[in-house]
Amino acid sequence: MTNRDAAAALTLPVGRRDHIRGPADAAVTLVEYGDYECPHCGRAYPIVKAIQQQMGPKLRFVFRNFPLRQSHPHAEQAAEAAEAAAAQGKFWEMHDRLFERQFALDGEYLIEYAGDLGLDVARFRKELSSGAYAPRVREDFRSGVTSGVNGTPTFFINGVRHDDSWELEPLLAALEEAIGP
Amino acid sequence: MPDTNPAAAAPLAAGTQAPDFTLHSAPDQTVSLRDYRGQPVILAFYPADWSPVCGDQMALYNEVRSEFERYGAQLLGISVDGVWCHRAFADQRKLHFPLLADFEPKGAVARRYGVYREGDGFSERALFVIDGDGVIRWSYVSPVAVNPGADGILRALEAVAGERAPA
Numbered sequence: 026m027t028n029r030d031a032a033a034a035l036t037l038p039v040g041r042r043d044h045i046r047g048p049a050d051a052a053v054t055l056v057e058y059g060d061y062e063c064p065h066c067g068r069a070y071p072i073v074k075a076i077q078q079q080m081g082p083k084l085r086f087v088f089r090n091f092p093l094r095q096s097h098p099h100a101e102q103a104a105e106a107a108e109a110a111a112a113q114g115k116f117w118e119m120h121d122r123l124f125e126r127q128f129a130l131d132g133e134y135l136i137e138y139a140g141d142l143g144l145d146v147a148r149f150r151k152e153l154s155s156g157a158y159a160p161r162v163r164e165d166f167r168s169g170v171t172s173g174v175n176g177t178p179t180f181f182i183n184g185v186r187h188d189d190s191w192e193l194e195p196l197l198a199a200l201e202e203a204i205g206p
Numbered sequence: 033m034p035d036t037n038p039a040a041a042a043p044l045a046a047g048t049q050a051p052d053f054t055l056h057s058a059p060d061q062t063v064s065l066r067d068y069r070g071q072p073v074i075l076a077f078y079p080a081d082w083s084p085v086c087g088d089q090m091a092l093y094n095e096v097r098s099e100f101e102r103y104g105a106q107l108l109g110i111s112v113d114g115v116w117c118h119r120a121f122a123d124q125r126k127l128h129f130p131l132l133a134d135f136e137p138k139g140a141v142a143r144r145y146g147v148y149r150e151g152d153g154f155s156e157r158a159l160f161v162i163d164g165d166g167v168i169r170w171s172y173v174s175p176v177a178v179n180p181g182a183d184g185i186l187r188a189l190e191a192v193a194g195e196r197a198p199a
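Respectively, the protein sequence lines represent chains S and D. The first sequence begins at 26 in this note's numbering and counts up one residue at a time. The second sequence begins at 33 in this note's numbering and counts up one residue at a time.
Watch out, some of these pointers could steer you wrong.
To give a feel for the contact side, a few chain D residues facing chain S, derived at Cβ under 7 Å [stated by the list, open to error]:
no., residue
1, Ala91
2, Asn94
3, Glu95
4, Val96
5, Glu99
6, Lys126
7, Val178
8, Asn179
9, Gly181
10, Ala182
11, Asp183
12, Leu186
Hints were generated in silico from the structure; no laboratory data involved. Think of the CB as a built atom: it goes at the ideal place given N, C-alpha and C, for glycine as much as any other residue.
Go ahead and model the full structure; you've got the sequences and the hints to work with.
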């Protein structure tokens with residue numbers, strides 16, 4: 026049982042539970058495990074956007090929560106806020122807002138963003154304070170742990186952990202390579 | 033960290049009795065492997081404190097601690113850093129598990145486990161899962177620059193726990 030290079034792979038396949046951008050029959054699937062308060066994820070956010078623009082319908086992008094609660098005091102609640110927005114059909118709008126306003130993730134800001142996005146704020150506030158989506162966030166986190174997530178962000182390309190750089194060019198090249206000629 | 037020097041000899045393999053050791057976990061405190069007989073132990077050798085990324089290996093294990101605890105497992109981090117360095121690192125990263133100082137003689141425990149990198153002066157990023165009888169059940173060496181994550185540890189703990197379940 027000693028080995029040096031078992032490639033880490035997704036244990037929870039992409040499915041109906043996921044937040045997905047891009048067609049189901051896209052040529053390649055990119056899964057990100059991320060933390061809204063992690064500065065590296067903040068830096069990866071525009072890179073992923075650029076890649077989505079360049080690849081268009083060839084790419085399916087999935088975001089899962091991996092809040093590092095000990096390092097980032099707002100990460101868990103921000104993750105739950107995105108899930109609460111998802112329950113009202115606005116996951117990606119909240120996801121984008123949180124990364125664009127990464128420096129302002131206190132509870133009151135989250136409520137403000139919910140209002141900005143036209144959500145039912147009373148419901149959002151209630152679900153956030155009751156931790157309604159904490160189990161969902163934990164489920165994402167656990168799936169990340171068992172899949173070999175080793176920090177944030179961690180990317181998987183077609184289910185296999187991407188251990189190389191996630192700067193624009195290398196990440197784009199890895200995705201194109203996964204598609205093949 | 034650049035991965036330039038040749039790797040260490042070879043990590044002790046599954047089935048080997050884990051060499052006992054006693055190391056400082058704090059200036060006035062020591063930890064021995066035998067203290068944990070009867071429960072699984074995860075030994076996580078890592079090159080050095082203060083690796084400059086967020087969500088580094090020790091921070092990750094800190095977050096995942098509750099998953100390890102479900103198996104009653106004790107996590108021990110080990111590097112060649114001294115106790116004061118470990119203390120500052122653990123305080124700053126809010127780590128809630130012991131960091132052991134393989135400091136004097138430097139890297140002696142890493143050597144016994146076959147994971148010391150002579151040319152570099154620090155250990156491999158190596159993981160060992162040891163069962164309640166003190167036998168190594170799984171070992172893994174990651175490229176020094178790659179954080180191995182926790183998936184392999186959890187699979188090994190699962191396997192150890194599975195055997196102990198009543199028939």
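query = Does Asn179 of chain D pass the interface hint, meaning its C-beta sits closer than 7 Å to a C-beta of chain S?
reply = holds, 4 Å
inquiry  = Checking hints one by one. Is Ala182 of chain D an interface residue toward chain S, by the C-beta closer than 7 Å rule?
reply    = holds, 5 Å
request  = May I ask you to test the interface hint for Lys126 of chain D with respect to chain S, counting a Cβ-Cβ separation under 7 Å as satisfied?
outcome  = With a minimum Cβ separation of about 5 Å from chain S (threshold 7 Å), the hint on Lys126 of chain D holds.
inquiry  = Is the interface hint satisfied for Val178 of chain D? The criterion is a beta-carbon contact with chain S at less than 7 Å.
reply    = holds, 6 Å
ask   = With 7 Å as the cut and Cβ atoms as the points, is Glu95 of chain D at the interface with chain S?
value = holds, 5 Å
message = Checking hints one by one. Is Leu186 of chain D an interface residue toward chain S, by the C-beta closer than 7 Å rule?
response = holds, 6 Å
ask   = Should the interface hint for Asn94 of chain D be scored as holding, given a Cβ-Cβ cut-off of 7 Å against chain S?
value = holds, 5 Å
task = Double-check Asp183 of chain D for me: the hint is only fine if its C-beta lies closer than 7 Å to a C-beta in chain S.
result = Hint on Asp183 of chain D: holds, closest Cβ of chain S at ~4 Å, below 7 Å.
query = Close enough to count: is the Cβ of Glu99 of chain D nearer than 7 Å to one in chain S?
reply = holds, 6 Å
query = Taking the least C-beta to C-beta distance, is Gly181 of chain D closer than 7 Å to chain S?
reply = Where the cut-off is 7 Å and the nearest Cβ of chain S is about 4 Å from Gly181 of chain D, the hint holds.
key: Interface restraint verdict for Ala91 of chain D against chain S (beta-carbon cut-off 7 Å)   = Interface hint status for Ala91 of chain D: holds (6 Å vs cutoff 7 Å).
task = Under 7 Å, Cβ to Cβ, is where Val96 of chain D needs to be relative to chain S, so tell me if that hint holds or is violated.
result = holds, 5 Å
In summary, this structure violates none of the numbered hints.
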